[in-house]
Amino acid sequence: MPKRYDSSLQAGTTVSQAQNAVNKLHYAVSQAMSHPNAQTIVQAEQRLAHTEQAMKQAELSLGGQGFELAQEMFIEEKERLYSLQNQHRQREK
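In the numbering used here, the protein residues as written are 150 to 242.
Quick caveat, the hints were computed from the structure, so don't treat them as lab data.
Label-pair restraints from in silico Cβ distances: (1) GLU201 x THR162: 13 to 23 Å; (2) TYR231 x GLN202: 11 to 21 Å; (3) ALA198 x GLU241: 14 to 24 Å; (4) THR162 x GLN239: 32 to 42 Å; (5) LYS242 x LEU209: 34 to 44 Å.
Think of the CB as a built atom: it goes at the ideal place given N, C-alpha and C, for glycine as much as any other residue.
Given the sequences, and given the hints that come with them, work out the whole structure.
Written out as structure tokens, the structure reads:
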């Protein structure tokens with residue numbers, strides 16, 4: 150079961166939407182790590198692009214502590230995806 154990031158933020162806010170996007174990114178990266186193939190990696194990359202947009206909206210709209218938590222989670226997932234991409238490229242060589 151994928152790790153879920155808990156939040157005390159109200160549903161529907163821009164920050165909670167960003168955190169939901171990070172949760173979806175976590176799931177997509179976890180799937181790609183479990184089943185590393187071109188399709189799952191592309192899906193995770195697409196989810197990353199969507200999450201980046203949600204993070205930008207949250208930062209512009211609200212900022213603050215809730216955004217900082219989402220930002221930390223986002224960076225962690227981004228690093229996981231980049232590591233997976235590098236591993237996948239190495240295997241293709």
